[in-house]
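**Student:** If you want the building blocks of each chain, they are given just below.
Protein chains: 2
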Amino acid sequence: MNSLRFTAESSSDGILERDFTVGDVPGILWSPAAATGPAPLVLMGHGGGAAKRHRAMAGRARLLVTGCGFHAAVLDAPGHGDRPRSARDAEDVAALRRAQAAGAPEAPVVVPYNVRLAEQAVPEYRAALDALQELPEIGTGGPVGYVGIGLGMAIGMPLVAAEPRITAAVFGMTWPDALFEAAKRITVPVEFVMHWDSGRIPREASLALFDTFGSAEKSLHANAGEHVAWHPVEADSATRFFARHLAPARP
Amino acid sequence: MNSLRFTAESSSDGILERDFTVGDVPGILWSPAAATGPAPLVLMGHGGGAAKRHRAMAGRARLLVTGCGFHAAVLDAPGHGDRPRSARDAEDVAALRRAQAAGAPEAPVVVPYNVRLAEQAVPEYRAALDALQELPEIGTGGPVGYVGIGLGMAIGMPLVAAEPRITAAVFGMTWPDALFEAAKRITVPVEFVMHWDSGRIPREASLALFDTFGSAEKSLHANAGEHVAWHPVEADSATRFFARHLAPARP
Chain A
1 MNSLRFTAES SSDGILERDF TVGDVPGILW SPAAATGPAP LVLMGHGGGA
51 AKRHRAMAGR ARLLVTGCGF HAAVLDAPGH GDRPRSARDA EDVAALRRAQ
101 AAGAPEAPVV VPYNVRLAEQ AVPEYRAALD ALQELPEIGT GGPVGYVGIG
151 LGMAIGMPLV AAEPRITAAV FGMTWPDALF EAAKRITVPV EFVMHWDSGR
201 IPREASLALF DTFGSAEKSL HANAGEHVAW HPVEADSATR FFARHLAPAR
251 P
Chain B
1 MNSLRFTAES SSDGILERDF TVGDVPGILW SPAAATGPAP LVLMGHGGGA
51 AKRHRAMAGR ARLLVTGCGF HAAVLDAPGH GDRPRSARDA EDVAALRRAQ
101 AAGAPEAPVV VPYNVRLAEQ AVPEYRAALD ALQELPEIGT GGPVGYVGIG
151 LGMAIGMPLV AAEPRITAAV FGMTWPDALF EAAKRITVPV EFVMHWDSGR
201 IPREASLALF DTFGSAEKSL HANAGEHVAW HPVEADSATR FFARHLAPAR
251 P
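Here the protein sequences come in this chain order: A and B. According to full-length UniProt numbering, the first sequence is numbered sequentially starting from 1. According to full-length UniProt numbering, the second sequence is numbered sequentially starting from 1.
It should be emphasised that the hints constitute simulated quantities derived from the structure, not laboratory data. Take these hints with a grain of salt, some might be off.
Given that identical chains are not distinguished, each listed pair holds provided it fits within a single copy or across any two copies.
Stated by the list, open to error - Using 20 Å as the maximum straight-line C-alpha spacing, the simulated SDA-like pairs for lysine to any residue come out as follows: (1) 184 to 197; (2) 184 to 162; (3) 184 to 225; (4) 184 to 224; (5) 184 to 196; (6) 184 to 214; (7) 184 to 205; (8) 184 to 216; (9) 184 to 212; (10) 184 to 115; (11) 184 to 215.
So that you can see chain A by itself, here it is in the shape it has in the complex (with noise of 0.2 Å):
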């Protein structure tokens, strides 16, 4: 088993943040500064192109830190961040890059891409879990979640379905063609969100995704619009539905 090791550490704001690697994947943990008891986690994924120091992530940790006193750890995906990039990587990306500058669809390179980084991701992310469980300030047996949107919710997703540890996940924003039979296993409450006017990823897929989560407890969140980032309201969205599913005993 790869054991945690820690490789920097700040504070500011009453949140500890610490770099960390497991194995050779590099991530981050983001803490309340005054932690005495083991307290809920949520993994979080980035989006593809980004990496663990992508201030979204920051962003979305300090809710989840300063809102409810939990931790929050992002893994860098592979091929993203501090991670070598293979020549495969390369080339996917750079196939991505063509099709996006020739308006062609980006479904059939990104889909097989994602589905590579999330077959790596995955193992990673369990490892991360067990590794992060053995600190003090979290625990075995505590609650976790998962928060990722675009390639986040392309690892979340398969991740979330193989492993019963984490209880309550929001995913969003990536193109479903992969993903139908991991919303099948998802049984744990799920919080989804898309775009209604994407002009990228097919409104009818997105909702027929959400349709297929297994889980008795779901809601979709359908913004107006084409942005591609995450509509400002779904971040608070989500820390309040981490704060129900992760600790109900909170007032």
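Starting from the known structure of chain A, fit chain B onto it as the hints suggest.
**Tutor:** Just chain B now, with coordinates in the frame of chain A:
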């Protein structure tokens, strides 16, 4: 112009509750007990078969008053609450009960019934808004919202389409059949709530109605299940929606 007459008043937990009439239409106004200057107002519409004193109205008002410092007001719909029920009201309600008891479709009865009530209620709400804005603690020119589900949506959509003073609205959970024309004319921010698995209101019809709203800013919240009631988190979400749209300068 009908003026507002207060008929009863009580206060608890920082909330001033006043019964009023505008003409022969009774309503309730909830306000911050310590209100000093003009503050936003949210008009509310109750569901079919309910009335102004339904606990959902008081609950929503409490969130708006204590959470946002806003005023909230509801009217009894025609033939509901303390208002007289006409022979035609009694016939329509009896026809609805027969359809429900027989397991027959409700829409052929509910839709025209709601259209008739809305035709009467829309001018009543506009007159009440005139009168409420005469109060110094509300004032003219301030932000006004509307929230209504079920019958409250059937009344609220033509109201919001016709009333330029209403600048943000939350709707949900009635048959959309007669509401597409109003949806086209509504351009203010909208939050639209539906049950994903409603056995009564066809999913595709609700999605089509959401698509029809003319609003650049609109969000669909679809929750799994076929509950008749609002998902509890949606009352909180609606409160935050109004806090954002009626008092954007607030933190």
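**Student:** Please write out, lowest number first, the hints stated earlier that are contradicted by the structure.
**Tutor:** none
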